[in-house]
Structures are given as structure tokens and as C-alpha cells.
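A.B. asks: Here are the chains, one letter per residue:
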Amino acid sequence: MSNAEKKFEELRTHVNQLDTGPIHERVEGNLRSAWRQAQLQDEVPAKKWNWRILSYALGASGVTALALITTVSMSPDAPRSMTQQVATEDEEYQEGYALDASLGSSAGLGQPLSVNNFITEPFIIEPTTNRDKSYTYGEGSAQLLDESVNLSIDVKDDMLSVIHQLREQVTAQNGYLLNISYYGTSGTIDVQLPASELNAFEEVLEKLDANHKVEVVDYRVVNISERIVTIDEDIKSTQQAIDEDKAKLTVSDLTEGYRKIIQDRIIANEEHIKTQNAARAEEIAKYNLITVRVSVNEYASFWEGDYYQHDRSTLSGMVKYEISRALYMFIGSFGTVLRFIVLILIYSVIWVPVFLLIRGAWRKIVRAIQNRKK
Amino acid sequence: MSAYREIAPEIVEAAKSDEQAFIQIYQQYGQRVLRFLVSRTGNTALAEDLTQETFITLLTKLDTYSNTGAPFSSWLLQIAMNHLRMHFRKSNNAQSVDLDLMGDSTADNPNHKTEWIDFFLALHKLSEVDQHILMMKYVDDMSNQDIAEALHISPNTCGVQIHRALSQLQKYL
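As given, the protein sequences belong to chains A and B, one line each in that order. The first sequence lines up with residues 1 to 374 when you count with this note's numbering. The second sequence lines up with residues 1001 to 1173 when you count with this note's numbering.
Careful: at least some of the hints might be erroneous.
Within a straight-line C-alpha distance of at most 25 Å, the following computed DMTMM-like cross-link-like pairs (lysine to aspartate or glutamate) qualify [as the list claims (entries may be wrong)]:
# : chain 1 : residue 1 : chain 2 : residue 2
1 : A       : Lys373    : B       : Asp1063
2 : A       : Lys6      : B       : Asp1063
3 : B       : Lys1016   : A       : Asp190
What follows is a list of derived Cβ distance ranges for each label pair [said to hold, decoys possible]:
#  : chain 1 : residue 1 : chain 2 : residue 2 : range
4  : A       : Arg52     : B       : Asn1156   : 27 to 35 Å
5  : A       : Leu345    : B       : Glu1115   : 57 to 65 Å
6  : A       : Arg367    : B       : Asn1156   : 32 to 40 Å
7  : A       : Asn16     : B       : His1163   : 52 to 60 Å
8  : B       : Asn1156   : A       : Ile323    : 40 to 48 Å
9  : A       : Ile369    : B       : Ala1070   : 40 to 48 Å
10 : B       : Ala1070   : A       : Leu68     : 26 to 34 Å
11 : A       : Ser55     : B       : Lys1171   : 50 to 58 Å
12 : A       : Leu54     : B       : Lys1171   : 33 to 41 Å
Hints in this document: simulated from the structure, not taken from any laboratory. Built from N, CA and C at the ideal position, the CB exists for glycine as well.
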């Protein structure tokens, strides 16, 4: 037997020789009273457990609610909206593209739209009076037409991506964006283009469309010749008034007061002519520009777009439809669950320490109760 | 073969709702737990407190106990070991050499006292598991099988570990 074993043997003897009787009596007595206290507490077990369960449940439900809210708000179907006034009528642009009227009115219309795509008849506003409203420029005369068209496309791409593509396209075609407005999966984009670029723009829209077909919702042509003629007549009559006033000023016996009135009137009329000339230039600028409003509708999703395309009247179409739909729903649900799990994990930096704190506090309470029992 | 008699499972089951059955468990295991703790702390007052805490824990946890075939004492000693561990943790893992247990034998003989201090210091150099293994084997007189079950190790590992721990202790002495 080694030294260590001898020492252990000796230690065991000492331990066995201990008079443990009084110790056991005390401990037994304490245990009996602890038992009774425990029994008393067990009579109201609901209260004991309620607090614990309640704290865990509150913590867990709080975190779950937070994760749910974030999941929903991060969902791709969540509404997004934006309205942006991109540009107003650009003066420089108008001047640069102001029409040489000798091109004639037919050139102003640009290339004709694909007739099959019209969902309503084109709307054309003709001059309202029987006066000769032909716009006269140099030696010729023409009808000035202001065109606007509403086009609609259904896209599979994301709305923002479509807006981005259209923006680039419009710039490339020497046009500019007027306004972008979208909410969720639909929106409108207003652009102004040289009328001759409309056809090319329409082709781009066809490529973006899920079915490669652009719907013409509305086509409006307004004859603005009458407005120009009215402005011209106004300018002419104002100029005549100025000439008459200038003639009056040559008379020598005018009073100083009357002379002053005539001079002021001449200045005011000259200003009026300037304003009217600007308005005239603006109207003419419209001639070669076409306003295009593109209504964009996004498919609910790529998958949804796919399965809706199957013809459900045939057996194979129905099978494809159901399989695609099931697959879509599975991926959709799986994605949501996955997102939810990821969020739970992300928020674990909050709830794990909270959980540990609650557990620690609970243990302290239990320990305090035990000490009180002693 | 275990040197100790285990309590009947029916009594353990009854102790969940019957005071007398619970006290019967204490009467069956109280002495063993007290000796277990006294041998590790060397202090009877502390061992008494820890014994009481062990049985109060048993009282609160008895509802969760289910008989898996392992001796009830293994579970009880696990609780006692946890309390012992908590005690050392509270005192910043400071293991003291308390010769209160040795009583008059050390008071009268200074050399004897030094021997015991050396012995406990050498013992404390071993890992916690090794200390428990040697104490269970040589002081608590437990079989390798019981030690293995109490420490959740295999009986073969237990045998090897006892041998190694004893050699190590012998080296430190």
C-alpha cells in the first residue's frame, strides 16, 4: 500500500469516526420544514410558474413580433412608392428642337404607331373655328400638331430596373424624363421625345414587355396652329398700337402728362410682345416633341408570371400550371421561413442576453427562497 | 458490485408527494453525502450546510427525476458535487486545507499536522475529476462501476484514471 493509499485509509477512518448524529438531527429537522414550505408553495403553483412562463413568453413573443414585422416590411411585395418630377419643359431643348415649319405637319407626327396596338381610337382635336388657322411661316403654311400618347407595358423585371432602363433609353434618344411615379408594382413614366424617335422608343418598350406587345392606351393630337395664329394676331395688333402711339408722340403740342402716358403704354406693349413671342416659341417647340406616358405594370413575380401563362384548358397545361404554382408557393414560403429564421438569428444579439439575464435573475430568486427556507 | 444499498424506486417516487418518504431518502443517503462532503472540505460545519443544500435541491428537482436504471446515489452525488463546485467558485476556487476533520490527532502532534497539510496540498494539485475519483475510490469506498456512473465515464476509463491519479499524487507527496 502506497503512502497516498495509507493517507486515504486514515482519512476514511477519521470520516467514519465522526459523530454525525447531531448533524443529521439538525439537517433532518430543517428538511422537514423545507418540505412543508415547498408544499405550501405548491398549493399556488400557478403563481410560481406563471411569472416564469410569462417572462419567457413575453420575451419570445416580443422577438417574434419584431421578426415578423421586419419580415413583412422586407418582403418584396411591400409597397414602394416614389414620385419624382424629373424635368420641366427645357427651354434650351425647346429652342434646339424648335421645328422648322417647312417640314410640314406630317413630319411633326413622326412615325405612325403600330395600329394593332391601339385599344381606343386616336383622339384628334381639330381647330374649333372656321377661320383659316394655318400657321404661316415664311412662304408656306402648315398645321402645328401637339401629340401625346399613353402606352402601357407589363414587365417581368423589377420596377426600378425598368425605370433605370427607360431613363437611359430616353437620354440616348435625345429626349428627357418629365416625371416618374410608381407605387408597389405599377407606375407611370412621363417622357418627352422627338416625334421621329417614337417608333424606336416603342420597339424598346416591346422588348421590355413580358408579351412583347405595347398597348396604346390613349393617343391625343392637339392642333396648336390656332394658338399660334391667335398669338400672331395679338402681336400684330399690339405692334400696330405701338406704331400709332409712336406717331402721336411726333405731334409737338402734347402736354407733358399725356406724353408720359403714351410712352408708358408703348413700353408696356413692347413687353407684351416679348411675352407673346416667348409663348409662341414654346408652342412651336411642342411641335416636334411628343409627350409619352408609359404605364408600367410589374408581374407579381417572375414565378407567378410563369405559371399564369400556362393554358389551363388542356390537361398538360393544367399539370404545368399546378406544378409551377406549387413550386412557386413552396419557394415563396421557404423564402419567408428562411428570412424569418435569419431575422431570429440576427435579433439573437438582443434576446439571448435578455434571456440569460432573466434566467440569472430567476436563479437568484430561487436561491433566495432556498436561503429563507434554511 | 456496489458497496452501498440503493433505495427502492417506489420510495423515490413516493418522495415526490410524501414527506416521510423524502425523509427516508435522507436517512438512507444523508450519512453518505455528509461523509462525501466532509472528506472534500475537511470542515464539518461547511459539509453540514452543503449536505442540507444538496437535499433541498433534491426536494425541488425530484419531480424531474426519472429512473433510468442508474443508481439514485449517482444523481444525488452529482447534486452534491455541483454544490461543492459552486462553493469553491464563490470562494474564487480557493481550496483550503482544513484540519478540523482530523480533530485531536493533529492538535497533539505537529508532525502529523504537517503530513496532512502536505497530503491535501498534493491532492489539490490534481484535477477536480482526479480528486473526486480518488476520494470516491479510497474514502467513499465506491466501486469502479459506481464512480463511473457518478462521473459519467466508462468503467475502463475509470480504472485507468484511478491508477494515473494515484501515481500522480504519489509523485507530489
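A.B. asks: Starting from the hint list further up, note which numbers the structure goes against and sort them upward.
C.D. replies: Failing hints, ascending: 2, 3, 4, 7, 8, 9, 10, 12.
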